[in-house]
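A.B. asks: Residues per chain, in single letters:
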Amino acid sequence: MNARMAKWFGALAVLSFAAAPVFAQGSLSVICRCVEGGVNAEMVQWLKDDVFPAFEAHKAEQGETVTLELVEFGGSDEALQQQYALDLSVGTGPDVLAFDGFWTPDFVEAGYIQPLDQVAGDVVWAWDGWDHISEGLRELIGFQGEVYGLGTGTDVRMIFYRKDLLEEAGLEVPWQPESWEELLADARQVRDALDIAPLQLNAGTAMGEATTMQGWFMALLGTGVHMYDFDEGVWIGEHPGILQALELYDTVYNEEGLGDERMQLVSQGRDQSFGSFRDGETAMLVEGDWFWRSVMAPGSEWEPAAGRDEVVGWAKMPAVEPGAGYAGHDFVSISGGTGFALNPNTADGELAWELLSFMFSYDMQMAYQEIQPRIRIRDDVPVTGDPEMSRMAEELLAVSTVRPQLPAYARISEAAQRMTERVVSGEMSPQEAMEAYADTLESIVGADNVVRAD
Amino acid sequence: MNLVRFVLARVGFSAFVAVIAAAFALPLLWLILAPFHDQATLSVSLPTNPTLDNFRAVFDNQFAVRALFVNSMIQAAGAMVLTTLVATLGAYALARIHLPGRDVFVYVLILFSSVVTGSAAMVPVFLLIFRMGLIDQHLGVILVFTGGLLPVALFIMRDFMQSIPRSYEESALVNGANQWQMLRDVVLPMTRSGMMVIGIWAFVNVWGSFLIPFILLRSPDKMPAATATYSFYTEAGTPVITLISAYALLYVIPVLVLYLFVNWKYGFQFFGGIKS
Amino acid sequence: MPSTHQDSTILTRRTGLTLLAPTFAFIGLFLLFPFVWVVAISFTDRTLLGAAAADPQFIGLDNFRQLFDFDSWMRSGEFGRSLVLTVYFVIASLIGQVFLGLGIALAFHRRKGFLRETIFTLVTLAWILPEAAIAFTWTSFLDPNGTLNTALGAVGLTRPDWLLDAPMASIVMFNVWRGTAFSMLLFSAALGNVRPSYLETADVLGANAWQRFRDVLLPMIKAQLATALILVTLWTFNVFTPFLLTQGGPAFQTDIMAIHTYRIAFRYFEFGQGSAIAVIVMLINFVLAGVYLFALKRGEGAR
Chain A
1 MNARMAKWFG ALAVLSFAAA PVFAQGSLSV ICRCVEGGVN AEMVQWLKDD VFPAFEAHKA
61 EQGETVTLEL VEFGGSDEAL QQQYALDLSV GTGPDVLAFD GFWTPDFVEA GYIQPLDQVA
121 GDVVWAWDGW DHISEGLREL IGFQGEVYGL GTGTDVRMIF YRKDLLEEAG LEVPWQPESW
181 EELLADARQV RDALDIAPLQ LNAGTAMGEA TTMQGWFMAL LGTGVHMYDF DEGVWIGEHP
241 GILQALELYD TVYNEEGLGD ERMQLVSQGR DQSFGSFRDG ETAMLVEGDW FWRSVMAPGS
301 EWEPAAGRDE VVGWAKMPAV EPGAGYAGHD FVSISGGTGF ALNPNTADGE LAWELLSFMF
361 SYDMQMAYQE IQPRIRIRDD VPVTGDPEMS RMAEELLAVS TVRPQLPAYA RISEAAQRMT
421 ERVVSGEMSP QEAMEAYADT LESIVGADNV VRAD
Chain B
455 MNLVRFVLAR VGFSAFVAVI AAAFALPLLW LILAPFHDQA TLSVSLPTNP TLDNFRAVFD
515 NQFAVRALFV NSMIQAAGAM VLTTLVATLG AYALARIHLP GRDVFVYVLI LFSSVVTGSA
575 AMVPVFLLIF RMGLIDQHLG VILVFTGGLL PVALFIMRDF MQSIPRSYEE SALVNGANQW
635 QMLRDVVLPM TRSGMMVIGI WAFVNVWGSF LIPFILLRSP DKMPAATATY SFYTEAGTPV
695 ITLISAYALL YVIPVLVLYL FVNWKYGFQF FGGIKS
Chain C
731 MPSTHQDSTI LTRRTGLTLL APTFAFIGLF LLFPFVWVVA ISFTDRTLLG AAAADPQFIG
791 LDNFRQLFDF DSWMRSGEFG RSLVLTVYFV IASLIGQVFL GLGIALAFHR RKGFLRETIF
851 TLVTLAWILP EAAIAFTWTS FLDPNGTLNT ALGAVGLTRP DWLLDAPMAS IVMFNVWRGT
911 AFSMLLFSAA LGNVRPSYLE TADVLGANAW QRFRDVLLPM IKAQLATALI LVTLWTFNVF
971 TPFLLTQGGP AFQTDIMAIH TYRIAFRYFE FGQGSAIAVI VMLINFVLAG VYLFALKRGE
1031 GAR
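Going line by line, the protein sequences match chains A, B and C. Going left to right, the first sequence walks through residues 1 to 454 as our numbering numbers them. Going left to right, the second sequence walks through residues 455 to 730 as our numbering numbers them. Going left to right, the third sequence walks through residues 731 to 1033 as our numbering numbers them.
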């Protein structure tokens, strides 16, 4: 055996040992849509600098050697979901999966993920962290009363605006429109004064779930309806509110040129909207708090040159008129939640849970909070260091609602994106687009589960 | 009169050639220039400060280097060897034994393959490879590629085989060789150039393909260069253009080299081949 | 073609079948099986996610009925629209590739030298370079500030945002660029077989270029023309590469068949529905292939 072959055999031997958790050794892999120096870079930093070393040290104290690996996934959310679906359908994949809450029902029904206590055993419920996570937030990555993972936190949505541009156009800052009419009037004023298309309300399929959350829901909820009737257990296919929300899109993008529809259609459109906001081409952008705390974070690529804290403000998204919003609110917001789930195919479920619960321990969550202050699920972890984030949580969580956590949601969400696209691109009138949407709903969940106008 | 016509023809010809050359060369310009820029953009310009830093940075990226020099090589070379082997043996048999409908057989296969290799067939292929326990393995990718490339390989190889005079084989048999010896000592040496063509063709095909490895491989450390460039593009939502262009250039070089080799050795053209 | 009547003297049938066994195995596994599976699955509601992933049901012709729901099938992103887009795409690509390929082959017929080598190399490289790398160069080529617009600007033309304003034209242009080499090589090989004496005769008779082409060259390459037409049609029908440029958008304007199928099967994970589309596509392809075989048989009979 020559030297090179010996080296290969050596490497193989090491590998096969690493794969089998004997001799109190273990290895776990974590995957997230995060890239060092790129998207969700804060998560990489937290996992690699805080969690991994601390967990390895913690296990070393118990006399165990644990090797941790982070798989940095660079594609889109949709590509990650696709990767999980393929991975889990054939029984592979990393042990701990960064997971978007709304994926849960589909994955559960396909039999791809299992409740935490089935993966790791009853030891799960012995964790002291549960005392600090409210019942509601336990279901961020849950379905039908079972818990499949832990949420990193929840979020809220609002209108971000450029203080400098609004002032230049003669609007008063801080700015807060009270109705759609005011919102449109102010947008017109900026358009006329600065000759830009000032307002971006996400539309179209290219933006994926960002259209549904930052665009469609923000418009729809303002009319007082939701996508789903929770009392009757049916999807709302046709409704005056849907029409009104579509007409808002029509006004913004087609009739009055208040928004730039090109960004809604091209495949890198969301990045373009970030860039356009940074460069002062967009003055009002409906986005989630992620945009504030991660995308525009001080020093990042998308931070406006004059500094985020100096030139960016935020306003609550108004309902059509005060009191007309969903559940009678004056303002609207929608919340989602991402987090981490356990892969049931893991070689060592108990160890995987140990890591997951360690990630959500008080110390680790506080460490995360230092890197990126946001709304965490533990009630003993406050939003520290960023008064704007605290104010967002305070003012918007109360009016915010959530997506229907149902298996068909992902497909229906895509249908809603398509509906907005058809209006924005001029293919259909709002009325036609709504009818087409209702047709699609019926083909997904059956006519019995869809409400249509008579 | 004739002179005018001659001049007009020359001018027309030159204009046609110039337009064709521009149309086919311009899209490639970026690929040649951008990697040497210190700050590449999507527009094309001559690098004012030509640099090799981008290549250095690419070589620092273990994932990308591994994809290009290990994974793509394994998959392309594997499919090349397997396709050539199976096609050569099969084509020889098709050329020399009488099977009913064998002429139609190859045509039907070709048509069939262009029908079945679309993205729709990815689903059963994915499940098949899963059942065979070959998901996330180089072998799975190699087998699927071989299956897809085989019909055209058979088609071209059979053409080669038919151009070999039967007398060589007959005299080998007369001289007491058995069929396997005849195959090894007479047939294979004479079809070497055909095997070369098939092999290179298979290599280039696999080297460039994106969808099959993208679906069949799961772990990043097995992905070939085609999928690695893809993830460069979407990483962080903003493509690192300098690195992508450098990587893309490295990625096309093997194909370029093979082309030049074939062109020098045989002249790159269809020989007999697909002519009805 | 060599004679076939004395085949069995060299190879015994048994050895021959042994040599063919791997071929049959690969064809059975990777061509026949996917074909049968796709047909079978198209009658179920199988998915990759959700309840139907764990327990798929037989639903008869529902998938097909949904595809051919004439109230909705022409809407953006739906099957009928995709079919129409594909027909545009195929016809435009076909005309572009075959004419351009024929033009280049004719222009360099009976010529040799540096110019021919350069053009042939460029056109061939466009065909054989890996698609993932090509996708990047084309994204930059079509960028609002890319090479194409720079070139157009230089001669005083407008500079559109190609992928947004003219997505279908963009992918046709791309596909013609990518695929012309096949026709070019095919025709130039065919023209190479034309005996110089025929052309000399035509010259002596005082034929002009068009007459020479129509009366001497065209009859000689008719078979290749048919081959090119049908193979390019089949390939273009199934081509997926434009996905790397447009992802089928904007607003589904480049949602050609291969991309449409991919989206249904691997984005929505509707395997049953995706298979139904595949079955229709296969039927269309088989009809085209039938036309090809028929034309071929007739061509041979005529000789």
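Hints listed in this document are in silico derivations from the structure and should not be mistaken for laboratory results. All C-beta atoms, glycine included, are put in the ideal place defined by N, C-alpha and C. A couple of the hints might just be wrong.
Beyond 12 Å from chain A on every Cβ pair, some chain B residues (computed) [to be verified]: (1) Gly532; (2) Gly587; (3) Pro674.
Here are the simulated DSS-like pairs of lysine-lysine, each with C-alpha atoms no more than 30 Å apart in a straight line [unchecked claim]: (4) A/Lys48 - A/Lys59; (5) B/Lys719 - C/Lys842; (6) C/Lys952 - C/Lys842; (7) A/Lys48 - B/Lys676; (8) C/Lys1027 - C/Lys952.
A.B. asks: None of the hints should be skipped; say for each whether it holds.
C.D. replies: So, going through the hints one by one against the coordinates:
no.: 1; hint: Gly532; verdict: holds (18 Å)
no.: 2; hint: Gly587; verdict: violated (10 Å)
no.: 3; hint: Pro674; verdict: violated (7 Å)
no.: 4; hint: A/Lys48 - A/Lys59; verdict: holds (16 Å)
no.: 5; hint: B/Lys719 - C/Lys842; verdict: holds (17 Å)
no.: 6; hint: C/Lys952 - C/Lys842; verdict: holds (24 Å)
no.: 7; hint: A/Lys48 - B/Lys676; verdict: holds (23 Å)
no.: 8; hint: C/Lys1027 - C/Lys952; verdict: holds (13 Å)
Figure legend: structure checked against the earlier numbered hints; hints not met, in rising order: 2 and 3.
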